[in-house]
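Enquirer: As given, the protein sequences belong to chains A and B, one line each in that order.
Just add 1379 to wherever you are in the first sequence, counting from 1, and you've got the numbering used here.
Just add 1379 to wherever you are in the second sequence, counting from 1, and you've got the numbering used here.
Please keep in mind that the hints were generated in silico from the structure rather than gathered at the bench.
A virtual CB, placed ideally from N, CA and C, is assigned to each residue, including glycine.
Among these hints, one or two may not hold up.
As the list claims (entries may be wrong) - Think about it this way: if two alpha-carbon atoms lie no more than 20 Å apart in a straight line, the pair counts; the simulated EDC-like pairs of lysine to aspartate or glutamate are: (1) 1468/B x 1584/A; (2) 1621/A x 1641/B; (3) 1621/A x 1649/B; (4) 1645/B x 1649/A; (5) 1464/A x 1704/A; (6) 1468/B x 1409/B; (7) 1586/A x 1545/B; (8) 1621/B x 1641/A; (9) 1586/B x 1545/A; (10) 1515/B x 1545/B; (11) 1468/A x 1583/B; (12) 1645/A x 1641/B; (13) 1621/B x 1649/A; (14) 1425/A x 1397/A; (15) 1445/A x 1430/A; (16) 1491/A x 1717/A; (17) 1645/A x 1649/B; (18) 1468/B x 1583/A; (19) 1592/B x 1704/A; (20) 1424/A x 1704/A; (21) 1645/B x 1704/B; (22) 1425/B x 1704/B; (23) 1464/B x 1584/A; (24) 1464/A x 1584/B; (25) 1586/B x 1467/A.
Said to hold, decoys possible - Residues from chain A that keep clear of chain B, each with C-beta distances beyond 12 Å, as calculated: (26) 1411; (27) 1425; (28) 1439; (29) 1448; (30) 1453; (31) 1588; (32) 1608; (33) 1609; (34) 1610; (35) 1615; (36) 1626; (37) 1717; (38) 1736.
Number of protein chains: 2
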Amino acid sequence: MTSLKDHSATTQDETGSERIVISVDAMGGDRGPAAVVAGIAHSAKKNPTLDFILHGPEDELKKLVKKRRSLDGRCQIRDAEGVVKMTDKPSQVMRNGKGTSMWSALESVKQKEATVAVSCGNTGALMALSMIRLRKLPGINRPAIAILWPSSNPQGFNVMLDVGADIRADAQDLLQYALMGTSYARNGLDLEVPRVGLLNVGTEENKGFPELKEAYNLIAANADRAQFEFVGYVEGGDIPGKRCDVIVTDGFTGNIALKTGEGTAKLIGDQLRKTFTHSFLSRLAAMFVVSPMRRFQKRIDPRRVNGGVFLGLNGTVVKSHGSADATGVSAAVKLAFELAQAGFGERLAARVASAAELAQNDAAADGRDAQDKSKT
Amino acid sequence: MTSLKDHSATTQDETGSERIVISVDAMGGDRGPAAVVAGIAHSAKKNPTLDFILHGPEDELKKLVKKRRSLDGRCQIRDAEGVVKMTDKPSQVMRNGKGTSMWSALESVKQKEATVAVSCGNTGALMALSMIRLRKLPGINRPAIAILWPSSNPQGFNVMLDVGADIRADAQDLLQYALMGTSYARNGLDLEVPRVGLLNVGTEENKGFPELKEAYNLIAANADRAQFEFVGYVEGGDIPGKRCDVIVTDGFTGNIALKTGEGTAKLIGDQLRKTFTHSFLSRLAAMFVVSPMRRFQKRIDPRRVNGGVFLGLNGTVVKSHGSADATGVSAAVKLAFELAQAGFGERLAARVASAAELAQNDAAADGRDAQDKSKT
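Using the sequences provided together with the hints, build the complete structure.
Expert: Structure (structure tokens):
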């Protein structure tokens, strides 16, 4: 990435390198804190300017961290005994979440000790806690979860949002998703003018619900000044395709598309494995394809693009898969690191603020227009 | 399939075999009538009891059919000069569709000359024409398009509906989809008691829209007497999975899931091809995997499961992909043949009629209950 230099939420170490601090919830994932610590240890090795604040039961975490030399002096532990379970309801967690590792991980971002928080825990609870601890950015109605989806575009990925922060989204929300998705694509995929598409069941302008048509007009009207290109409606096939870089949709549709895509990839992966263990001859054949197959699997491995980003809050939160192993956690931390390095949080806030201001100016201008017209 | 014997919409030939007649729209697909004729010729070879009525410009079709020995004496041609284009709007086609090959293909089913119609043409127009020519089954509010989706279930496929007949569906519609999907799974996949799931963003009962909860209760209440098992809410990942056999959803969500899955499979296929042409060594490796890879590709080849079925009409219509080649057309014809052989149309009509009757009885009983209660 080239545009990562001008940021603020970092400190410098004695050698003058900028240090990035990531806040990590050690608990709540399906594989427990050992996988999380193994993941951050791997990331620490790869990125010498990265430090961690790790949240969870102190004694347990101390033992795990001690075993990892790469974390030596680079990982603070914050004791938090409570754990948000996968089965906990967000509403319960909002009332009783204080004292959990998830709450504590968000607190470090709120207090600006860390730039980004990472958690493998319960998505609904994490979003609910993020909303009450970090609060929505001024001008944002519904925050969204954005993911990177493998695509045939040159950058290798597309951004899709919302994939499940909220099941509803009106036209204004979808416009905000377009703005936030643009910001993410610019900072996360290094695209100067991202192409934005609105997900629908056909590309013709007359297709779909009236609400979508309203969003279409609103997004089209804001494309120029927000410096994205609006390609209009896109279909499910364009999510992994190259017609656009950012796919905007409501959280219900986005969540189902995401899980359908993941399920389809998993089915194909399983079938492929069966293909190569089908007979002695095909097992022999498989030996010849180990290296190209590895390259392929690395390319589509969902663990390597692990991490939904919560957008629209005062602070960035990366949600890793609940089933993430060390590789998955490390991928989520890498994403958090890159976003922190890019000063993504501040950039997004600035973009949303200027959009809200423009909208207000527009409304004022419309008001004046209406007055002018009423005079004539 | 074992349960295909007791049907009615067939005739017997001089040898006593039952002959099945399929009505085929030769026009409107992306690859023109040559691909369609090649496809039906292939099907004719495979199924000696299969006859065709082919619709389109007589002179052109005569030439194409003459070249195929397997179609000798087994393919009537119905002259129709008009063609419904992919870009035509359904509303226009409803007004001006008479005289097109699509209209003519449906007419053969309406007149009971053929059991099932097959078309590669414009989906929206085909649904619109099917609605006005064949009419909805009594008791059906919204017809649906059902597809077979490769899955990890023993039968290798799941049924999903609606994938785009209509963008909306209320609770009653979703119940009807569950009933029709059950019928399709029983006749098309030979499952005695199909497991039905309702697509949502989580499996917990409290997730999703209130409208979905209403559908949940309605489907649960009808499972026993309609002889399906209701597994409750399912997620996108269950569409290619093994939690259920029939996935029920509205046409907006279903269409986006379908196209996302297809797009993801295509992306993976493209990546896999690149993997094996990446270097000389990997091309060499590819030689060793030709046979297992072929087996794999056959398994996930979308052309081999080509065909959405329109359910809820007086007559069955199979919609093949617009881009279907001979293999794709032949797969759609195979599906049409199997459904015709199973007497699927009559079975579905009987099931919907009995469900409507039961619902009426229920309503009457509820009315009596209410009266009884008002007396006490």
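Enquirer: Each of the hints needs a verdict: does it hold here or not?
Expert: Structure-based check of all given hints:
Between the alpha carbons of residue 1468/B and residue 1584/A the distance comes to roughly 12 Å, so the proposed pair stays at or under 20 Å and holds. For the hint pairing residue 1621/A with residue 1641/B, the CA-to-CA distance comes to about 15 Å; that is within 20 Å, so the pair holds. Using a Cα cut-off of 20 Å, the hinted pair residue 1621/A and residue 1649/B holds, with the two alpha carbons roughly 13 Å apart. A distance of roughly 16 Å separates the Cα atoms of residue 1645/B and residue 1649/A; the hinted pair therefore holds under the 20 Å criterion.
Restraint check for residue 1464/A and residue 1704/A: satisfied, since their Cα atoms lie roughly 17 Å apart, inside the 20 Å limit. Distance restraint check for residue 1468/B and residue 1409/B: the Cα-Cα separation of roughly 17 Å lies within the 20 Å cut-off, and the hinted pair is therefore satisfied. About 11 Å separates the Cα atoms of residue 1586/A and residue 1545/B, which keeps this hinted pair within 20 Å; it holds. With a CA separation close to 15 Å, the supplied pair residue 1621/B and residue 1641/A stays within the 20 Å bound.
Straight-line distance between C-alpha atoms of residue 1586/B and residue 1545/A comes to about 11 Å, which keeps the hinted pair within the 20 Å bound. Taking the CA atoms of residue 1515/B and residue 1545/B, the gap is near 14 Å; set against the 20 Å cutoff, the hint holds. Between residue 1468/A and residue 1583/B, the direct Cα distance comes to roughly 10 Å. Compliance with the 20 Å bound is thereby established for this hinted pair. With a C-alpha separation of about 13 Å, the suggested pair residue 1645/A and residue 1641/B falls inside the 20 Å cut-off, and the hint holds.
For the suggested pair residue 1621/B and residue 1649/A, the alpha carbons sit about 13 Å apart, so the restraint of at most 20 Å is met. The suggested pairing of residue 1425/A with residue 1397/A holds, with an alpha-carbon distance near 15 Å, which does not exceed 20 Å. With a C-alpha separation of about 15 Å, the suggested pairing of residue 1445/A with residue 1430/A holds against the 20 Å cut-off. A distance of roughly 17 Å separates the Cα atoms of residue 1491/A and residue 1717/A; the hinted pair therefore holds under the 20 Å criterion.
For the suggested pair residue 1645/A and residue 1649/B, the alpha carbons sit about 16 Å apart, so the restraint of at most 20 Å is met. The hinted pair formed by residue 1468/B and residue 1583/A meets the criterion: a straight-line CA distance of about 10 Å does not exceed 20 Å. Pair hint residue 1592/B plus residue 1704/A does not hold up; C-alpha atoms about 34 Å apart against a cutoff of 20 Å. Taking the CA atoms of residue 1424/A and residue 1704/A, the gap is near 17 Å; set against the 20 Å cutoff, the hint holds.
At roughly 17 Å between alpha-carbon atoms, residue 1645/B and residue 1704/B fall within 20 Å of each other, so this suggested pair holds. A threshold of 20 Å between alpha carbons decides the hint, and for residue 1425/B with residue 1704/B the separation of about 17 Å falls inside it, so the pair holds. For the given pair, residue 1464/B sits about 18 Å from residue 1584/A by alpha-carbon distance, which is consistent with the 20 Å threshold. For a cut-off of 20 Å, the pair hint linking residue 1464/A to residue 1584/B stands: about 18 Å separates their Cα positions.
Simply put, residue 1586/B and residue 1467/A have alpha-carbon atoms about 13 Å apart, close enough for the 20 Å limit, and the pair holds. Non-interface status of residue 1411/A relative to chain B is upheld: no Cβ of that chain comes within 12 Å, the nearest being about 23 Å off. Every C-beta of chain B lies more than 12 Å from that of residue 1425/A, the closest at about 25 Å, which supports listing it as non-interface. Residue-level check passed: residue 1439/A sits 29 Å from the nearest beta carbon of chain B, beyond 12 Å.
Separation of residue 1448/A from chain B is adequate, the least Cβ-Cβ distance of about 36 Å exceeding the 12 Å criterion. Distance check on residue 1453/A: its Cβ is at least 36 Å (rounded) from any Cβ of chain B, clearing the 12 Å threshold; non-interface status holds. Not every beta carbon of chain B lies more than 12 Å from that of residue 1588/A, the smallest distance being close to 6 Å; the non-interface claim is violated. Annotated as non-interface, residue 1608/A keeps its C-beta farther than 12 Å from every C-beta of chain B; the closest such distance is 21 Å.
Separation of residue 1609/A from chain B is adequate, the least Cβ-Cβ distance of about 19 Å exceeding the 12 Å criterion. At roughly 16 Å, the least C-beta separation between residue 1610/A and chain B is larger than 12 Å, which holds for a residue marked as non-interface. Its closest Cβ contact with chain B, about 3 Å, brings residue 1615/A to no more than 12 Å, contrary to its assignment away from the interface. With a least CB separation of 10 Å from chain B, residue 1626/A falls inside the 12 Å interface cut-off, contrary to its annotation.
No beta-carbon of chain B is positioned within 12 Å of the beta-carbon of residue 1717/A; the least distance is around 23 Å. Distance check for residue 1736/A against chain B: the nearest CB is about 34 Å away, which clears 12 Å, and the non-interface claim stands.
Of the numbered hints listed earlier, those contradicted by the structure are 19, 31, 35 and 36.
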